[in-house]
Amino acid sequence: MAIELHVNGSAHQVNAEPSTPLLYVLRNDLGLRGPRFGCGLGQCGACTVMVNGTAIRSCTMPVSQARGEITTLEGLSRNGKLDPLQQAWIDEQVPQCGYCQNGQIMTARAFLNRNPKPTDAQIRSAMEGILCRCMSYFRIQAAIKRAAGGTPSTARETAE
Amino acid sequence: MSPGISFPREIKDSLQKACAPTSRRDFLKGSGALVVTLAFNTVAVETALGAAAGVDGMQGPYVDPDFRQLDTWIVIHPDNTATFFVGKTDGGQGTGTAFRQMMSDELDIAYDKTTLVMGRTDTTPNQGGSGGSSAIERDGWPMRRAAAEARRVLLELAGKQLDCPVSELTAQNATIALSSDPAKSVTYAQLVGGKRFNVGLTGKNIDATTGVAQVKPIDKLRIVGKSPQRYDIPGKVDGSLSWAVDMKLPGMVHARNVRPPVAGAVLRNIDASSVSNMPGFVRVVSRGNYVAVVCEREEQAIRAAKQLKVDWQRPVTAPFPASDQLFDYMRHATPTSSDEPKIQGDTTAALAGASLVVESEYEVPFQGHSAIGPAHALADPSNGQMTIYSNDMKSYGLRNGVAQFLNMPRERVRVIYMDGPQVYGRTAADDAGFEAAFLAHELGRPVRLQWMRSEESGWDTKGPAYVFKLRGGLNTQGKLAALEYDACAVDHNHIGYNEPDTVLIAQLMGKRPKSPAKGSAETPSLQYGIPNRRMTTRIVGLPLTFETPLRTGNLRDPNGPQVTFAFESLIDELATAAKIDPVQFRLDLLADSHEDEAFRQARSIAVIRAAAKAYDWQSRPSPNKPSADEVMTGRGIAYTYRNRTIVAVIAEVEVNRQTGRVWAKRLVCAHDCGLVINPEGLRHTIECGMLHGLSRALWEEVRFDNEKITNVDWVSYPSLRHSDTPEAIDVVMVNGDPSPSRTDLAPYGAGEASHKPLIAAIANAIHDATGVRLHRAPFRKERVLAALKAANV
Chain A
0 MAIELHVNGS AHQVNAEPST PLLYVLRNDL GLRGPRFGCG LGQCGACTVM
50 VNGTAIRSCT MPVSQARGEI TTLEGLSRNG KLDPLQQAWI DEQVPQCGYC
100 QNGQIMTARA FLNRNPKPTD AQIRSAMEGI LCRCMSYFRI QAAIKRAAGG
150 TPSTARETAE
Chain B
0 MSPGISFPRE IKDSLQKACA PTSRRDFLKG SGALVVTLAF NTVAVETALG
50 AAAGVDGMQG PYVDPDFRQL DTWIVIHPDN TATFFVGKTD GGQGTGTAFR
100 QMMSDELDIA YDKTTLVMGR TDTTPNQGGS GGSSAIERDG WPMRRAAAEA
150 RRVLLELAGK QLDCPVSELT AQNATIALSS DPAKSVTYAQ LVGGKRFNVG
200 LTGKNIDATT GVAQVKPIDK LRIVGKSPQR YDIPGKVDGS LSWAVDMKLP
250 GMVHARNVRP PVAGAVLRNI DASSVSNMPG FVRVVSRGNY VAVVCEREEQ
300 AIRAAKQLKV DWQRPVTAPF PASDQLFDYM RHATPTSSDE PKIQGDTTAA
350 LAGASLVVES EYEVPFQGHS AIGPAHALAD PSNGQMTIYS NDMKSYGLRN
400 GVAQFLNMPR ERVRVIYMDG PQVYGRTAAD DAGFEAAFLA HELGRPVRLQ
450 WMRSEESGWD TKGPAYVFKL RGGLNTQGKL AALEYDACAV DHNHIGYNEP
500 DTVLIAQLMG KRPKSPAKGS AETPSLQYGI PNRRMTTRIV GLPLTFETPL
550 RTGNLRDPNG PQVTFAFESL IDELATAAKI DPVQFRLDLL ADSHEDEAFR
600 QARSIAVIRA AAKAYDWQSR PSPNKPSADE VMTGRGIAYT YRNRTIVAVI
650 AEVEVNRQTG RVWAKRLVCA HDCGLVINPE GLRHTIECGM LHGLSRALWE
700 EVRFDNEKIT NVDWVSYPSL RHSDTPEAID VVMVNGDPSP SRTDLAPYGA
750 GEASHKPLIA AIANAIHDAT GVRLHRAPFR KERVLAALKA ANV
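Chains as they are written, first to last, in numbering that gives the first Met the number 0: chain A, 0 to 159; chain B, 0 to 792.
It is worth saying that the hints were derived from the structure and are not from the lab. Computed from a predicted model, the values in this text were never measured in an experiment. Incorrect hints may have been included.
[As the list claims (entries may be wrong)] Below, in silico cross-link-like pairs of lysine-lysine (DSS-like), each with a Cα-Cα straight-line distance of 25 Å or less:
hint: 1; chain 1: A; residue 1: Lys144; chain 2: A; residue 2: Lys116
hint: 2; chain 1: B; residue 1: Lys225; chain 2: B; residue 2: Lys183
hint: 3; chain 1: A; residue 1: Lys80; chain 2: B; residue 2: Lys624
hint: 4; chain 1: B; residue 1: Lys341; chain 2: B; residue 2: Lys468
hint: 5; chain 1: B; residue 1: Lys194; chain 2: B; residue 2: Lys112
hint: 6; chain 1: B; residue 1: Lys612; chain 2: B; residue 2: Lys624
hint: 7; chain 1: A; residue 1: Lys116; chain 2: B; residue 2: Lys341
hint: 8; chain 1: B; residue 1: Lys183; chain 2: B; residue 2: Lys194
hint: 9; chain 1: A; residue 1: Lys144; chain 2: B; residue 2: Lys664
Produce the complete structure using the sequences and hints provided.
Put into structure tokens, the structure is as follows:
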């Protein structure tokens with residue numbers, strides 16, 4: 000059936016079964032690369048997108064329920080300018096493989112929108128459900144602190 | 000090839016340049032016989048970009064790039080930039096950036112004027128892809144020598160052009176000038192931009208590839224040792240990079256596998272009518288016990304694979320013991336093989352005469368790769384060829400394996416490497432590549448396949464489980480006089496990379512190698528001076544050898560974390576028994592060391608001292624004074640080496656007496672891998688290697704009943720999370736070489752070393768905090784709590 004989606008500021012008509020997880024429509028019908036399949040169970044967060052500003056797992060949300068403005072990783076930058084979080088991700092050189100980073104960035108964006116000056120404990124708690132199997136957590140947290148205007152506690156290096 | 004194909008930006012830029020009208024393609028056309036040796040680039044470029052680049056699509060055969068041709072490695076473009084072609088892959092450790100640094104430095108071109116193409120079997124010379132932390136240590140050398148040779152040739156050409164001896168010329172920023180009159184200059188592009196070098200290289204194999212030129216001494220390197228940011232990261236944070244998982248082709252269909260519900264099940268019947276009326280259904284494909292469903296859309300394939308009715312016959316005998324019985328099973332199983340004992344001195348007599356003997360057993364379960372992105376590949380059978388888009392870290396092996404598996408000439412098969420989820424060894428990316436190729440071959444259409452979470456966690460290869468028994472004897476001076484080490488690993492039929500008779504689909508189809516791989520059970524990386532020692536190893540198998548989800552394969556330093564846990568735990572127990580500070584105990588053991596290679600003795604001492612200094616280690620025996628607080632704090636050290644790289648990790652942990660939870664509050668790593676190419680990139684890899692090790696120390700454990708794996712998602716197979724992250728991570732880069740500023744200092748590997756000592760360091764820190772020694776990894780809170788209660792802590 001025809002479904003209308005609002006994604007990254009544009010309206011799209013797609014033909015899909017209403018129960019189709021939003022993830023596959025975003026990736027395969029709209030050609031977006033940010034959200035990724037990680038578990039299909041809502042457990043890892045690699046598929047995270049924002050719907051009306053709230054981070055959701057697109058692998059378990061039926062496309063028919065995705066009402067409102069959907070923002071994906073591609074939609075974070077405006078007029079060619081990266082979101083401060085994306086810039087912080089580059090400054091902190093966060094990813095190893097990078098497969099999970101969509102979920103890390105989107106979750107962090109939704110979180111910082113609600114809580115622009117979080118404590119370290121709040122960052123850990125907000126990010127707890129987003130897995131990284133390269134274990135880049137330390138830098139993810141540093142990048143969030145950097146974007147929030149704090150001083151990132153990046154690893155100290157001593158030259159011998 | 001379709002204009003719909005979208006490649007990673009870097010590759011696309013490079014390939015577009017390489018096939019620009021004034022570039023290689025034209026001179027290839029006009030160069031007669033030389034077309035044969037250089038055709039690979041034309042093939043790669045035209046096939047890759049096709050209509051998008053405005054050239055006619057040119058199909059295979061995909062001739063192997065000739066590593067003995069300089070043009071295979073380096074192209075100078077008319078705009079005075081360069082593209083490097085290397086036969087490697089980068090799983091996210093920044094090796095691609097490091098390759099560019101090394102080659103730019105040798106070539107005398109600015110780093111940001113270069114691009115890199117990696118791991119495409121039709122375009123880049125076969126360096127085997129990635130593995131064994133060899134990217135910089137081994138494979139960087141032919142890259143450096145090729146770039147040095149290109150510089151030499153350019154200088155020669157410039158000498159002719161400027162009519163002066165080469166000795167009077169200086170190369171800098173891709174420009175060669177007269178040293179005495181810099182106004183007289185010529186750019187690399189003016190010399191060879193868009194043209195061939197047409198220079199042969201020598202070397203008995205690709206690792207030995209060399210030209211006439213020597214690589215620069217280290218003190219002349221300007222880009223090596225700096226930390227340019229990784230070029231792949233911007234595209235990974237703004238969604239613009241195209242990964243293997245993103246590849247799409249016109250006419251492509253989606254496939255999902257249907258796995259046997261229990262290990263060793265035999266397919267009796269498939270009821271295709273259970274799915275044939277579903278929307279988008281294309282076909283059920285089965286061969287032997289391999290089953291897949293193909294549909295037009297991805298979600299349709301997922302649904303159909305769930306719904307397909309398949310009748311499986313359970314095996315008569317249990318394929319393996321349940322995980323709760325695994326270690327008992329291993330202790331009593333008849334070994335499938337054992338290595339010659341490694342014996343020095345008279346261990347029996349030394350133990351009999353020891354003033355104190357410590358005996359301990361240690362256990363490590365199977366642990367998984369469990370990639371965050373389940374295995375995937377897209378295979379395109381167009382025009383009688385087979386092109387596989389994959390993140391497999393050994394793209395060349397995948398190409399050869401698929402060609403054999405499908406009985407196709409290898410010239411008709413190619414693998415295009417693209418970024419993907421972590422590749423810390425032999426992941427299921429190998430298996431998915433074969434499956435996609437098989438399905439594409441069957442259907443005659445491009446097939447995209449991705450495993451589901453339960454398949455990835457259930458059926459990927461596992462790091463082998465181990466049981467150890469160690470005895471150490473101290474003499475009256477508190478010195479370690481004797482060591483007895485016995486290791487038993489479940490590693491029979493260890494799966495290699497991309498083998499056409501051991502990949503999962505081959506096993507399920509009933510293909511078998513002539514004999515299962517022997518596997519390995521390892522002894523420790525031993526640098527300590529221990530006069531008497533006897534080390535024995537055994538490998539055991541499980542009842543079911545093939546078609547089992549308990550397949551072992553390489554997982555990031557395949558045996559290192561397990562073996563180091565046992566060995567460095569025992570060393571700590573001995574230090575406690577001797578009432579000697581654990582750092583001092585190790586330094587004393589190294590002082591007694593008589594064996595040396597790559598200055599390991601001196602470098603080991605330097606690394607341990609550097610770690611202790613960075614941590615501000617206060618000398619005292621372990622354990623710490625007992626604390627009555629709810630949270631007990633301790634510190635632990637573990638030291639080891641991986642090939643020529645030396646590493647020591649100090650962990651500071653908090654152990655919660657009420658919950659058993661362990662938090663590694665601080666990690667300190669001292670690391671000596673010789674010459675450092677990119678300090679920031681290295682630091683990041685060291686950090687993440689440690690945290691991956693921490694995940695294995697605290698969480699990871701494959702569980703199974705006696706017919707299937709039972710933890711196949713992230714709730715039942717927990718992994719490290721944000722809340723487990725240390726508060727501080729310190730990395731100290733050590734250069735402990737006796738001549739630290741020597742100009743031929745070599746770089747050693749770094750992808751695995753920092754991962755290796757983590758289980759041991761955490762175990763030793765928990766002991767320091769609590770006085771309780773844990774002999775079984777991982778240290779989950781239930782296990783820790785039980786151990787604390789048993790010890791009345």
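Okay, the hints, checked on the actual structure:
| no. | hint | in the structure |
| --- | --- | --- |
| 1 | A/Lys144 to A/Lys116 | holds, 8 Å |
| 2 | B/Lys225 to B/Lys183 | violated, 30 Å |
| 3 | A/Lys80 to B/Lys624 | violated, 55 Å |
| 4 | B/Lys341 to B/Lys468 | holds, 15 Å |
| 5 | B/Lys194 to B/Lys112 | holds, 18 Å |
| 6 | B/Lys612 to B/Lys624 | holds, 22 Å |
| 7 | A/Lys116 to B/Lys341 | violated, 59 Å |
| 8 | B/Lys183 to B/Lys194 | holds, 22 Å |
| 9 | A/Lys144 to B/Lys664 | holds, 18 Å |
Comparing the model with each numbered hint stated earlier shows that hints 2, 3, 7 do not hold.
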